[in-house]
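Participant: This is what each chain is made of:
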Amino acid sequence: MLKRLSNYSLTKIAVICAISLLTSLSFSYSAERIFDQAGILEPKHTLVLNRMIGEWEEKTKHQMAIVTVKSLNGQEIEDYAVKKFEELGIGRSGENDGLMLLVAPNERRLRIEVGYGLEQYLNDGLVGTIRDNYIIPHFKNNDFATGILQGTYALLVKQAEMEGIELPQLGAGELPASPTTKVATTNENMVGAFIFIIIILILLKSKTGRSVLMWSLLASTMGGGSHRSNNFGSFGGGFGGFGGGLSGGGGASGRW
Amino acid sequence: MNNKKLWITLGVIALFIIGSISWYIGTYNKLITMDESVNEKWAQVENVMQRRYDLIPNLINTVKGYAKHEKEIFENIAESRAKLAGASSAKDKMQAAQGIEGALSRLLVVVENYPNLKANENFTKLMDELAGSENRLTVERQRYNLSIKGYNIAIRKFPTSIVANQLGYEKKDMFQMEEKAKEAPKVNFN
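Sequence lines, in order, name chains A and B. Going by this note's numbering, the first residue of the first sequence is number 1, and it counts up by one from there. Going by this note's numbering, the first residue of the second sequence is number 1001, and it counts up by one from there.
What the hints contain is simulated information worked out from the structure, not anything from laboratory work. Be aware that one or more of the hints could be misleading.
For lysine-lysine, the following DSSO-like pairs were computed, each having C-alpha atoms within a straight-line distance of at most 30 Å [claimed, not checked]:
#1 B:Lys1172 / B:Lys1157
#2 B:Lys1125 / A:Lys44
#3 A:Lys158 / B:Lys1157
#4 B:Lys1064 / B:Lys1125
#5 A:Lys158 / A:Lys70
#6 A:Lys140 / B:Lys1125
#7 B:Lys1157 / B:Lys1093
#8 A:Lys83 / B:Lys1091
#9 B:Lys1064 / A:Lys83
#10 B:Lys1093 / A:Lys158
#11 A:Lys83 / B:Lys1125
#12 A:Lys158 / B:Lys1125
Could you put the whole structure together from the sequences, leaning on the hints where they help?
Facilitator: Right, dumping it as structure tokens:
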């Protein structure tokens, strides 16, 4: 009897351990769609990009990553892209509905990698047109941020349109010349700040709230101030982890 | 006493037989799974190959409008496509594919002489499709080769090779592209 019980609790502990390990893994993995190794994006761009990808992911359930690298380590960008895509596992595993924009500013190469599941909406010709019209012209002026913003916008809007899904915030149909002005309205920042203030006020009212506030303040000062703006950006609800999707080399590459 | 010895011997033999059978079944199933996985990857290779070669008629029609007199190349491509259609084994298909890649790369070199064609929007899109299909072929080819590698090692290793022999499994060919065919159709976006 005792033996059976201990066996039972052992499995229980093992299951709990496994679950907590998994959640911590997916947690450290999550909340990120932008991997700016090359350091060509400022927090304000990341904020806008996260918003755009956030709405698209919420509505379509597909996933997107933006990756910039300092160096491709001598690899062809096509090879690098397929491996990176698989490593991150962008898109849901059965659907393979991921999308990745990869930029290597030092090698002057870019690639838009389309997962198997999205190839039906974003064919190579369309992706190539988006690259030529929305990304390359800005990259030629060394304006990486605008190129990435416009390219991402065009990809997301076009994908949703092809699938017949509406993106109320991003808009649909014809692509505007400059999406940044439309998406990056200060209004949304104000709303975020407003909610932030309200939450602080609520927390200040109760005793436990005050201690929570104090501890989080302490934690944030210890963690350094640079993270602050990012936290603000994910106020509308963070991202889940990637789903383990694959790509098969669809999309388009380019140089400038 | 004697009886006990007999039972022990019988037990050992029974254990040995049971062990062998379960090993055999396990190996058999493993090999079948590997073979199936290789076939699946090859199907994917054929799939992207088909996609690539379906682009050719469209490409030729577009190019013909600008470069009527490059007849030889068009004929070359048509010939290699016919060969591919006639090929049944994986090996023949790989060879035919190399022929098409060679002819395609010559076509793309010729195209460089026609700036009007290169400015054609339809042609630009086709080139993107062509580059994409080439990249897809590379990816699926690599995945196929990787699965072949594991398969080839498994069927030749002793004692798995015994089961592989019984199943009639033979070494499969990797899909290698000739260097020339591999580099030529790289599309230049400048």
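Participant: State for each hint whether it applies.
Facilitator: Verification of the supplied hints:
1. B:Lys1172 / B:Lys1157: holds, 15 Å
2. B:Lys1125 / A:Lys44: violated, 34 Å
3. A:Lys158 / B:Lys1157: violated, 51 Å
4. B:Lys1064 / B:Lys1125: holds, 16 Å
5. A:Lys158 / A:Lys70: It holds: about 29 Å lies between the C-alpha atoms, which stays within 30 Å.
6. A:Lys140 / B:Lys1125: Roughly 21 Å between the alpha carbons, so the hint for Lys140 of chain A and Lys1125 of chain B holds.
7. B:Lys1157 / B:Lys1093: This hinted pair holds, its Cα atoms lying about 28 Å apart.
8. A:Lys83 / B:Lys1091: Holds, at about 27 Å.
9. B:Lys1064 / A:Lys83: violated, 38 Å
10. B:Lys1093 / A:Lys158: violated, 37 Å
11. A:Lys83 / B:Lys1125: holds, 25 Å
12. A:Lys158 / B:Lys1125: holds, 16 Å
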